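Residue numbers (the numbering used here), protein chains in the order written: chain A, -11 to 582; chain B, 11 to 106; chain C, 173 to 427; chain D, 115 to 229.
Hint data in this document are derived by calculation from the structure and do not stem from the laboratory. Since we're looking at a predicted model, the values are computed, not measured. Idealized CB from N, CA, C, for every residue including glycine. Check before you lean on any hint, since a few could be wrong.
[Said to hold, decoys possible] Looking from chain B toward chain C, a few residues come up when the C-beta cut is under 8 Å (computed):
no., residue
1, Leu48
2, Thr82
3, Tyr86
4, Ser88
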Amino acid sequence: MPSPALLVAIPLTVAALLSGLRRLLPRRCADLLSILTALGNLVLASLWTLHALHRTQAYWFGNWYPRGSMVLGIGFVMGPAGCGLATLAALLTTLALLYSWRDLDSGGGHYHPLMLIFLAAMSGFVLTADLFNLFVFFELMSVAAFALCGLKTREPAPLAGAFNFAVTNTVAAFLVLTGIALLYAVTGALNLAQIGQELGGRHDRLVLAAFTFLITGFLVKAAAFPFHFWLPDAHAVAPTPVCVLFSGIMVQLGLFGAMRVSATIFHGSLAPTGLHDLFVVSGAVTAVWGAMMCFAEHHLKRLLAFSTVSHTGLMTLAFGLGVRNGLTGLFLYLTGHALVKAGLFFAAGILLHRFRSVSEPALHGRGKILPWTCMLWFLGGLGLAGAPAFLLASGEARITGAAPWAETVFLLAGVVTGAAVLRAGLRIFLGLGDAGPVDRSSQVDELPETTDAAHTIHWHLYLPACICMGGAVVLSFWAAFTNGVFSASRGFLDFPAYAHVVYSGAILLPQRIAPSFSHTAPLLQALVRALLALGLAFWAVVHLRLPRWLRWPSHLEGSMRPIRALQSGHPGDYVAWLTVGCATVGAAAFWLVR
Amino acid sequence: MMILGVGLLALIGVSALVIVRTDDVTNQLLGLSFYGLLFALMFFLFQAPDVALSQITVGAIALPLMIMLAITRMKYHSESTHQNKAAPPAREARHD
Amino acid sequence: MTERHRLLLFLAGACGLAVLYLAGIRNLPPWGQYRGPYGDVIAQLAVFQRHATDTVNAITYDYRGFDTLGEEFILFSAVTGVMLLLRPEDGQTSRAGGEKNPASFRDRAALSETVQVLASGVFGFSVLFGVYIGTHGQLTPGGGFQGGVIIAAAPMLLYIAENTEAFRRIVSHPVTEALEAAGAAAYALIGLAALACGAPFLTNVLPLGRTGDVLSSGTIALISACVGVEVAAAFLLLIWEYLREILARAGNAEA
Amino acid sequence: MLAHYPYFIAAWVFLCGLYGIVRSRHLVHTVISLAILQTSTYILLLAIGFRKGGYAPIFADIHPGVVTVDPVVQALMLTDVVVEATVVALLLAMVVKAYEKGGTTSPDDLRYMRG
């Protein structure tokens, strides 16, 4: 097997080379070189995933393997969950780079290096077994993301979005660092396994404070309520392929960071004390909030961004439940969501490329000439709602199978976000009903990001979206994939096995077959969700022709002024909310442990 | 030496508040430079010469310099747009 | 939200955060009683294992060298981001045109010649000092990062001495950009060289030399040098990106 | 009290930084406040690795075996210093550009994305 260090080192080296030669290299070369690099990462990461399913092993940089119980250097633990996410990150980056082929404005040649650095940071983040290294990759990911946000600098709005994104996420990074410092002071270690062993089941005030700082920091990235304000601002301004990476994987990696530290450092204090209920509550609130805001939005990218808030909330909820019931459903859901959301963003990008707008009222009826995009968009909307045959539906069934009450939250969030996407589809592609309310956010028009003057839609714009949608369906019927995810999720929460890998170098994993699953009830539920979403979308589109007492969607769609005013675009507001949120998480943690 | 350290830390605490309470950015910049020097001093005092060196070069010089250049650039921008009677930058992009 | 509401909201949050923070630090070991073991173990091992007397640099460039690789690329992405954000746009070419004619931005009041000569002398001295700091990192406080920033500060003296033309020639050259990329790539390539030798990434594959020599400690000194090149170029680029517009406008105002 | 004195200062500086960002009326002020917030982590890390009577962990002029302060936190702080400089540089570039494009330096006028 090639060294796992290549997953980080090769993209970084190529990024430096591309940046150094940016004046000399023609655009095609930069495109080709970066796609090949991302593709190389994809191949290597999938090889490692297959390998890790049988044998999880550690890799020590500089050959500084642990001496006795003392970890000297930084290591990767090549577990199946981490490797799988690295594969997903590489896949999305490859597709995003394919989408940007030739036409996307590359900002003077800076776009490709930044995308590759972003990929390297994500790969390092999911694999590292060192707490401070986790912070370094968190920050590298953030800085590359801030820079990518500023690709379109011709208007002040993108800069405002990027600024808010940068300020909130930097504060989050310092919260994480504070948590790291507290843990280092009491354990004298930075390796996740070593800290976990030193702490054991200890959960005194210091551990709880460190827990709060770390989890808050990562939840800011994961856009949990009330830390989510930066996300729609950043998504509305980033170019389409960057949005794909933000929504598809970066936000979820924030949650993954929280999961990683919970499963290792706090393994002894999480499930026994009920601290994981924190994730349940935070996830449920975020899911509902995101869904409401999503339905009220008429700027397509912001609409999709709020749906990401909602779905990441569902994943947070799934993690809270999964600490006791297993994480198979969560990982299936995460993969399905990444693919569907990426496909939707690609479709929105096609609209932006063709019509120079992503505003729902402005596009009313104009999408009729794009039947393929229409199909992709509706598939995406149904996928988000958790329609049958999509990976999200099978993930959801496994999550809610153990906790039926959670089905209510999933139903609400899935149906409302799916309906919002479908509503936009009905208006744009079929020209049904009225154009929809014209509000402020729908008037902030997107800047064109492509340089092709003819607005023709080439194969490289369609192909990524088709691959994403196809993948979200195909994977749900592939039994080997489900079994692999099942083994990976069992391994993820197994702290003794993790520590064994760190101290002894490797561990053999037993092959597990996912328990068989009755499909009739979940299938019915999924069908009901899809129909409900479609129904709500139709209702919203035609409600103005109905009698007055049936015009509820107006309230959902346009009149949530006081709530929407919270999304103020003011960095001070966002940081004030962050402070309150951090204090609340802390209070909840102390209250849960008591 | 401990007493010196305690005094220095107190000074840092006070200057932090003063700097964030200062509204004029140029004054704030001067404060930040001084604040960076305090940190360099503290790093020397607490046996961290490596960090002290990078703090002097980055925190007390490079960082304030960058901020100063940014402020100057903005000042030049407003002066030249004023002189050229150029149309004020895209205000109409706002939708309040 | 009005400013008042925002401050009230923050005040509520800040009280909670303060209580949380204080609760956390109450259980910390008292100040001045670091308990180890990580730092102590490395402090004991580094001189023997790596022949480097400055343990901080041994950690930065070797034991935790992978962190530093990430850190260098944080700097690299930030510089790329700044260049991306501040790049001259199509509409700005007329203004940036002043740049192409260096004679147009000689500053108005010339300093006395003494100051100019002195500054040029100090310029040479600071470059020398930066190189010294950068190459002795494994022995004494300093290292590539600190040395790099000092070297980057030297051309600023030329600017202060009003030799803007020399300053511009040093800083704005595409070579600076290429050097920055080369420094960053070299770090990753040194790590990959270990892979080519069959050892894990970033393992030292060079002879360690005699403890206390400038050329001792193998890859630590080499990586430190690469970092120095990258950091010096990166800070020059950062400063130049802000300064370019100022110089162009100053030139235009005079013309 | 004195045993935890630097940690209190770190908490204080952290809150000061947050306060600065919240009350900020100028974007450069926001950036500087963020830099102040960052310095809280320096104090925390430095205080954690400090040892009374310990020497700097540089064995050029002391013998191995002498009590030193923790070198690891110093390496972490070096990374921290770089992170601060880079984030500030990037944020300043955004501020400068936002000013050149939108003619404003006040966060109150940044609300293009409301609602």
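Going through the hints against the structure:
no.: 1; hint: Leu48; verdict: violated, 18 Å
no.: 2; hint: Thr82; verdict: holds, 6 Å
no.: 3; hint: Tyr86; verdict: holds, 4 Å
no.: 4; hint: Ser88; verdict: violated, 11 Å
Going through the hint list in order, the structure does not satisfy hints 1, 4.
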